[in-house]
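Asks: Given the sequences, and given the hints that come with them, work out the whole structure.
There are 4 protein chains.
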Amino acid sequence: MAKTGGIAADRLKQIVARIERLEEDKKAVADDIKEVYAEAKGAGFDTKILRQVIRLRKLDGAEYQEQEALLELYLQAIGLTHQNAA
Amino acid sequence: MAKTGGIAADRLKQIVARIERLEEDKKAVADDIKEVYAEAKGAGFDTKILRQVIRLRKLDGAEYQEQEALLELYLQAIGLTHQNAA
Amino acid sequence: MAKTGGIAADRLKQIVARIERLEEDKKAVADDIKEVYAEAKGAGFDTKILRQVIRLRKLDGAEYQEQEALLELYLQAIGLTHQNAA
Amino acid sequence: MAKTGGIAADRLKQIVARIERLEEDKKAVADDIKEVYAEAKGAGFDTKILRQVIRLRKLDGAEYQEQEALLELYLQAIGLTHQNAA
DNA sequence: AACGTTGAAATAGTTC
DNA sequence: GAACTATTTCAACGTT
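Residue numbers (our numbering), protein chains in the order written: chain A, 1 to 86; chain B, 1 to 86; chain C, 1 to 86; chain D, 1 to 86.
Errors might be hidden in some of the hints.
[Said to hold, decoys possible] Below, in silico cross-link-like pairs of lysine-lysine (DSBU-like), each with a Cα-Cα straight-line distance of 35 Å or less: (1) K13(A) / K41(A); (2) K34(C) / K34(A); (3) K41(C) / K13(C); (4) K13(D) / K48(D); (5) K26(D) / K13(B); (6) K48(C) / K58(D); (7) K27(C) / K48(D); (8) K13(C) / K13(B); (9) K13(D) / K13(A); (10) K34(A) / K13(D).
[To be verified] Cβ-Cβ distance ranges computed for the label pairs, FRET-style: (11) E24(D) / R51(B): 26 to 32 Å; (12) G44(B) / D60(C): 38 to 44 Å; (13) Q76(D) / K34(B): 53 to 59 Å.
Since the hints were made in silico from the structure, they are not lab data. Note that the structure is a prediction, hence the values are computed from the model and not measured. We treat Cβ as the ideally placed atom computed from N, Cα and C, and that holds for glycine.
Replies: Written out as structure tokens, the structure is:
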């Protein structure tokens with residue numbers, strides 16, 4: 001039985017291998033992204049601004065949802081909809 | 001001269017002591033915050049909502065600035081104000 | 001009813017104010033800690049190692065040794081001992 | 001002039017689209033990794049130690065030993081050796 | 001009391 | 001090499 005000091009060694013090896021494989025994939029994608037930025041830079045675009053655009057576009061949807069949630073919460077807080085214990 | 005293997009031991013000890021002192025302070029404040037939440041809960045408020053309110057109030061100012069930056073960036077991107085190399 | 005709501009709302013505002021005040025304090029202390037690290041760096045100390053020192057001092061020995069042992073076990077299981085990690 | 005801007009704007013849109021596509025891929029892989037860790041945890045492995053194993057395998061021995069030596073030095077300087085951290 | 005979720009801290013990487 | 005940003009790791013909290 002493939003145990004080393006109570007550890008299922010084979011299982012552990014599999015897990016480690018899978019993670020390392022996936023991390024390689026991830027690195028490959030990250031490198032692709034870098035390439036695109038480099039290419040963009042070569043085409044005369046400002047990569048710093050480009051990164052900000054990407055970041056803000058990501059935030060956009062999230063922010064909208066946050067605002068919605070905020071409104072909801074304020075309504076509850078002011079109207080004491082839920083936590084009215086007084 | 002107070003050196004151990006090339007390290008200024010006294011200086012290091014001082015630094016460690018200062019950091020540990022400050023971390024105690026920080027923990028004390030964190031505990032105070034917990035207390036307030038516990039008290040609020042005792043008064044019938046929903047701590048989850050309370051935490052969200054705090055978080056969103058914090059975000060508020062930041063988000064406004066992000067939006068401003070986004071507008072600025074889009075203006076640059078569409079008008080190609082800076083990176084117009086074509 | 002509006003009265004009750006009003007009282008609870010006042011209470012809520014107080015709570016929020018207290019928490020936000022405390023979080024400012026906490027941030028101030030956190031900033032102080034950062035400053036000490038920056039100062040230490042300026043004096044030639046390696047901040048990463050310094051953080052490790054602080055962390056080790058916080059851990060009690062039992063916990064530390066437990067983790068070390070478990071790590072060793074895992075490394076052995078995958079056929080990579082701590083010593084020959086090179 | 002409007003034309004040039006238009007062409008560059010199209011190019012910019014393409015770039016942004018490509019990056020966002022790649023970032024989705026990256027996120028998907030990152031999620032896969034998380035899943036593996038979750039699965040490992042379900043199988044009884046300590047994920048924190050597991051992460052350490054992965055990290056150690058990535059490090060080359062020289063770097064690792066350097067850091068260990070420096071840590072030892074600091075601990076000695078403040079009168080706390082690695083062994084008697086208890 | 002373990003689990004997942006979320007927020008803070010720390011580390012690594014990039015740019016200037 | 002110093003500052004800023006992004007990613008990763010760690011710890012706290014609520015939940016079941």
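Asks: Indicate, hint by hint, whether the structure satisfies it.
Replies: Now for the hints, and whether the structure bears them out:
1. K13(A) / K41(A): With Cα atoms ~42 Å apart, K13(A) and K41(A) exceed 35 Å; violated.
2. K34(C) / K34(A): Holds: K34(C) and K34(A) sit about 31 Å apart, inside 35 Å.
3. K41(C) / K13(C): violated, 42 Å
4. K13(D) / K48(D): Outside the cut-off at roughly 41 Å; violated.
5. K26(D) / K13(B): With a Cα-Cα distance of about 44 Å, the restraint between K26(D) and K13(B) is violated, given a limit of 35 Å.
6. K48(C) / K58(D): Holds: K48(C) and K58(D) sit about 18 Å apart, inside 35 Å.
7. K27(C) / K48(D): holds, 28 Å
8. K13(C) / K13(B): violated, 44 Å
9. K13(D) / K13(A): violated, 44 Å
10. K34(A) / K13(D): holds, 17 Å
11. E24(D) / R51(B): 26 to 32 Å: holds, 30 Å
12. G44(B) / D60(C): 38 to 44 Å: For D60(C) against G44(B), whose Cβ atoms are near 39 Å apart, the range 38 to 44 Å holds.
13. Q76(D) / K34(B): 53 to 59 Å: violated, 37 Å
Consistency with the previously given hints fails for numbers 1, 3, 4, 5, 8, 9 and 13, ordered from lowest to highest.
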